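There are 4 protein chains.
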Amino acid sequence: MAIRVTVWNENRHEQTSKEVREVYPAGIHGCIAEFLRAEGMDAGTATLDEPEHGLTDEVLDKTDVLIWWGHVAHQEVSDQVVEKVHKRVLDDMGLIVLHSGHFSKIFRKLMGTTCDLKWREIGEKERLWVVEPGHQIVDGIGEYIELPQTEMYGERFDIPAPDTLVFISWFAGGEVFRSGCCYNRGKGKVFYFRPGHETYPIFYRKDIQRVISNAVRWAAPTCGPSPAFGHVPEPLETIS
Amino acid sequence: MAIRVTVWNENRHEQTSKEVREVYPAGIHGCIAEFLRAEGMDAGTATLDEPEHGLTDEVLDKTDVLIWWGHVAHQEVSDQVVEKVHKRVLDDMGLIVLHSGHFSKIFRKLMGTTCDLKWREIGEKERLWVVEPGHQIVDGIGEYIELPQTEMYGERFDIPAPDTLVFISWFAGGEVFRSGCCYNRGKGKVFYFRPGHETYPIFYRKDIQRVISNAVRWAAPTCGPSPAFGHVPEPLETIS
Amino acid sequence: MAIRVTVWNENRHEQTSKEVREVYPAGIHGCIAEFLRAEGMDAGTATLDEPEHGLTDEVLDKTDVLIWWGHVAHQEVSDQVVEKVHKRVLDDMGLIVLHSGHFSKIFRKLMGTTCDLKWREIGEKERLWVVEPGHQIVDGIGEYIELPQTEMYGERFDIPAPDTLVFISWFAGGEVFRSGCCYNRGKGKVFYFRPGHETYPIFYRKDIQRVISNAVRWAAPTCGPSPAFGHVPEPLETIS
Amino acid sequence: MAIRVTVWNENRHEQTSKEVREVYPAGIHGCIAEFLRAEGMDAGTATLDEPEHGLTDEVLDKTDVLIWWGHVAHQEVSDQVVEKVHKRVLDDMGLIVLHSGHFSKIFRKLMGTTCDLKWREIGEKERLWVVEPGHQIVDGIGEYIELPQTEMYGERFDIPAPDTLVFISWFAGGEVFRSGCCYNRGKGKVFYFRPGHETYPIFYRKDIQRVISNAVRWAAPTCGPSPAFGHVPEPLETIS
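Protein chains in written order, with my numbering: chain A, 1 to 240; chain B, 1 to 240; chain C, 1 to 240; chain D, 1 to 240.
It is possible that part of the hints are untrue.
[Claimed, not checked] Some chain B residues near chain C, calculated using beta-carbon distances under 7 Å:
| no. | residue |
| --- | --- |
| 1 | Ala2 |
| 2 | Ile3 |
| 3 | Trp129 |
| 4 | Val131 |
| 5 | Glu155 |
| 6 | Trp170 |
| 7 | Val176 |
Rather than coming from a laboratory, the hints here were simulated on the basis of the structure.
As the structure is a prediction and not an experimental result, all values here were calculated from the model.
Heads up, the beta-carbon is just placed ideally off N, CA and C, and yes, glycines get one too.
Let the hints inform the model, and build the full structure from the sequences given.
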């Protein structure tokens, strides 16, 4: 059965900037949903300005993996929606957070830290080195991915140490960054992936699309146990 | 210089229950502060019903390690105080969360998960096995600590996998539990330690006191770099 | 394409003990290969007394995942075969080590530690608790697996902390054990799974078979990059 | 009591190269032992060409932390000495492996992997970024350490994911490297630290000396339990 993906986008740059619209005429969400469909996934979209930001119970209930892109309007995301998404991730929904989504409410809530970092926007070169070559997320990827022009994100990245660190980025300006980070949270899987931008056409690259597709497959729920919590008055064993 | 510890206690059972008062006449906080002082630490206390729960800026600024015990009144802890404590932990303050503190706002905020678990209160035996015998926190401890009567906490414990897992508990009733869990969050160190109860006199035990003292030393701040975050317009390297 | 599994068994108990032969008439390897085939896998077997222990280059080259069971004859496994298997795991072959395989040369070589533990053989009850319910390896498994009669393995288990800890065992006699441990080593994935025995009929259980089948799927190679090592005289960037 | 450190050096470059002798007239081991003594440690040295490579039982028994530097003669280190050092590390001796020591027998044995990497020697700039600023090993260190001229080591570094990753290096030529890696193995602690070279005068730098001194304190043994292994015929609990 096809994995059901919802691609969430703040979708503000696309409305306010002609330059962004020219790069992503269907929106960043449209671009991502399209290449996921080409991979056989059942991909829909949701955006900030829709009712409940497009993330109704009905949508979330049918979402195996949620992809999150936001940048200038993190504060406009309602706390109730964040609560619902948080609960769904812990229940088993996968979550892939892209680029500036590091500062989204949902990622910060799941990480428990500020998720702050250094940044610079001069279009410098980035090279993402694979440090865990056996990981499902780098299937089909070479030793590194080279992006000729990117916004720089630099360490210290204030996150918990990833459960698995997959990529480390090199930047021409002198910084490094943990740019592919896997986490288990509750029954859900979370992947933070650094690349992406509203004007550099990064989401059209085949290698970046491959990583995101792989990540969706990695993050899709499995049918493990649903833990019971709370009071268990009876012991499993007879106590003498 | 002596490590400055603040022992925070909800301190409600002590007020409402004669039984608890008899076990802990100085309160759980008083008991803990006393044995830490005997270890040469500069230990103060703070409780829920004091102004700002006793955790004023002045107190927090002078606290190297905060110990947290709460049980029935987690919801009465103000969100502002939780925000301040959270910020202090990420800045570098150590945090030791005891027993039912697993459900405190501050622990849940730092973990990003529900921190839920199974529990049962029939006074069964617990045996805490050391699984990382080289860790500073088990200095002076044997292969296991045996508690003749405890409240059971059982897996699934909904936490992120610890950065270091130090203890695993066995319970007579048939459950296991990750009962000594180390985390790095921001520049701060967090230790969750399962033992403790308002009526079982667990905090008077020398072995438990030893673990808590060790944990205070482990969690005390070191003088690592204070990361700079945000916009760094100039690259460190000349970009051609 | 079917995953190609080779089930390796020391196969000595089966030759020397009528009791073992009655439990496993086709050998432990035969039992395991059979249920993997029923899952659609391409499963063959290899045993100690075959030439090169059945692990010729030809066999290893066609093996995606190797399963290892040994007990009384670890020292008879040739160092050359261990070297070859070690290299194949680092190249990308999955490895699943069962029960007394903890003391095999290959597992100890991959772990870098003694892999020693406590043991007792009185047929006591074991309960394996799932502590990472979102992991692929516990797909279809309940909150715990209960084995009415097992050999006990107890902590301290002298292994590196697992990259992911999936199961923790409870034993009636009072011990705990990290009984499902995932590791990435080189491009290969390694899973240690504690259950198994030569006379308790554990490998006939559906739940144990499910975990092993899941583990095979988890450990199967992916097509990540094959890292280049050694001298790279030319920098990727022009250095001023 | 002063921490007892033994600084082991292959000490071959110092004998064969005038250039190396001019940089390290007392040998790399002499330079390191000297700055550790200035920190109040009880530091001795041992070298390859001494009987038993200077690592007799008597020396090892009195060593809290062993520092290891080797480069061209890893194969000349006897397997018996490696076995003894390995056992001592698992027992509780700290081990700090510097630079080209990544390819030493002892480090490879402890890691279980090839420990291979990329390298280039054109004297390019390295910048070691601190990614875990609360760690004891970066006490007194800034956000990064900048080395104007180094040999490059690049990913993929074939090691197990560190238990704690403290430094990531940026190189002018375009690579990155996990250059400060902490491991728990047995009761011992292992720290791999990338910087160092036989002619670049890196071990005279105050920042590098500070990291190594901090690492010695971090790796020094604590008095945790000495696990009992093997047959425990009697259960701790009465089994019904």
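Now for the hints, and whether the structure bears them out:
1. Ala2: Not OK, violated: B:Ala2 not within 7 Å of chain C, min 32 Å.
2. Ile3: 27 Å, violated
3. Trp129: Holds - the Cβ of B:Trp129 comes within 7 Å of chain C, reaching about 5 Å at its closest.
4. Val131: Status holds, d = 5 Å.
5. Glu155: 5 Å, holds
6. Trp170: Holds, about 5 Å.
7. Val176: 5 Å, holds
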